[in-house]
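Protein sequence lines correspond, in order, to chains A and B. The first sequence begins at 1 in my numbering and counts up one residue at a time. The second sequence begins at 1 in my numbering and counts up one residue at a time.
Hints were generated in silico from the structure; no laboratory data involved.
Straight-line C-alpha distance at most 30 Å; calculated DSS-like pairs for lysine-lysine:
#1 A:Lys-32 <-> B:Lys-110
#2 B:Lys-110 <-> A:Lys-29
#3 B:Lys-112 <-> A:Lys-191
#4 A:Lys-191 <-> B:Lys-110
#5 A:Lys-29 <-> B:Lys-112
#6 A:Lys-110 <-> B:Lys-110
Every value quoted in this text rests on a predicted model; they were computed, and no experiment measured them.
There are 2 protein chains.
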Amino acid sequence: MTSSRNLNRFWEWGRKIICVGRNYPDHAKELKNAVPTEPVLFLKPSSAYVTEGSSIMVPFYSHNLHHEVELGVVIGKGGTAIPQNAAMDHVAGYALCLDMTARDVQDECKTKGLPWTLAKAFNTSCPVSEFIPKEKIADPGNVKIWLKVNGQLRQEGNTSQMIFSIPFLISYISEIITLEEGDLILTGTPKGVSSVQEHDELLAGIEGIVSMKFRVDRPQ
Amino acid sequence: MTSSRNLNRFWEWGRKIICVGRNYPDHAKELKNAVPTEPVLFLKPSSAYVTEGSSIMVPFYSHNLHHEVELGVVIGKGGTAIPQNAAMDHVAGYALCLDMTARDVQDECKTKGLPWTLAKAFNTSCPVSEFIPKEKIADPGNVKIWLKVNGQLRQEGNTSQMIFSIPFLISYISEIITLEEGDLILTGTPKGVSSVQEHDELLAGIEGIVSMKFRVDRPQ
Ligand SMILES: [Mg+2]
Ligand SMILES: [Mg+2]
Ligand SMILES: [Mg+2]
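Model the full structure from these sequences, guided by the hints.
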């Protein structure tokens, strides 16, 4: 595969972030949601990206910002209606990601039947690690991801717990939404999501592969 | 303003499509929604773009695809927290757009408190006209937009009926979601939305400025 763009900085030019909700049974349950029979999809805009060295900003309209640590899949070769058995050929690599969520706003959106945009798509709602080339993760369906807030372990899970596998998700999504090089798929979060406050420090990792650190701030 | 990209083909490289729902009182009422006190925002991915010469495809999972004709605003100069009185300096031009909506799926999402992605973000859900340079529309707050299906007038409205003006929307959105060059804002639809079928022909226009034609198809 020849690439005209620098995948090491996919967040600078990638156009789409497609997120999967409720993809770990223990997380679906902790939020009192049914375990889904079909993936729940939502979008973040590329303006949501933030990389280490910059802060996660609490949106001015939220009083309950939650962390969700997730394995991100970076698309290398685009496609439409990609079959499951070819899906991994479309993967360039991975990134550890946070799906920052204004939980209070999301609860209100769910009650009112409104789109989740304000809860999920605000600036800095998608912190990402460095790009992890595909070769560095032999089996993306069996890695441990974790997150600590101020040194305390809050989330820990294994991607083997996912309801919908990465190949299934790539196939399912690409039948509805064409994938392009540089797109990112967030694959859902294990249980343990919780509230973060101004000045908190988030440390997250994929065991043996990568770790990343972000500070939480609030606009003045 | 110097631009490194060709705005005449903004759909080829623009990263975001931000849509405003329920921005015309007569349309909010026809769908039995309350007239909003704050803009309702949702996203389409850039893969949703389709231009004249290609067809609008009915998503395989929908039996009630609706047209919504809307004025689109193309961003020329990006920004965060843009003040209303500077907002028009950030506009490069316009496009006539359709916010194609799987209404059956949207109704289900609203009932279940799910995100609107499947209803709004599928491939070909954002047909766009040619790019209209800013100078060609003296007052974007006072143009007539219309849509015909197979020669029959279905939608007709004036952007003066919008609840939230273009400068207000640019300011409101950019406080939450940073705007970039090439981004598109869909400003909502007037009343008259209705179902389209395979082989229908949609003709839409901004009076005196532009018109566009799309055919509806269904994947085999
Ligand atoms: Mg959405
Ligand atoms: Mg999530
Ligand atoms: Mg609309």
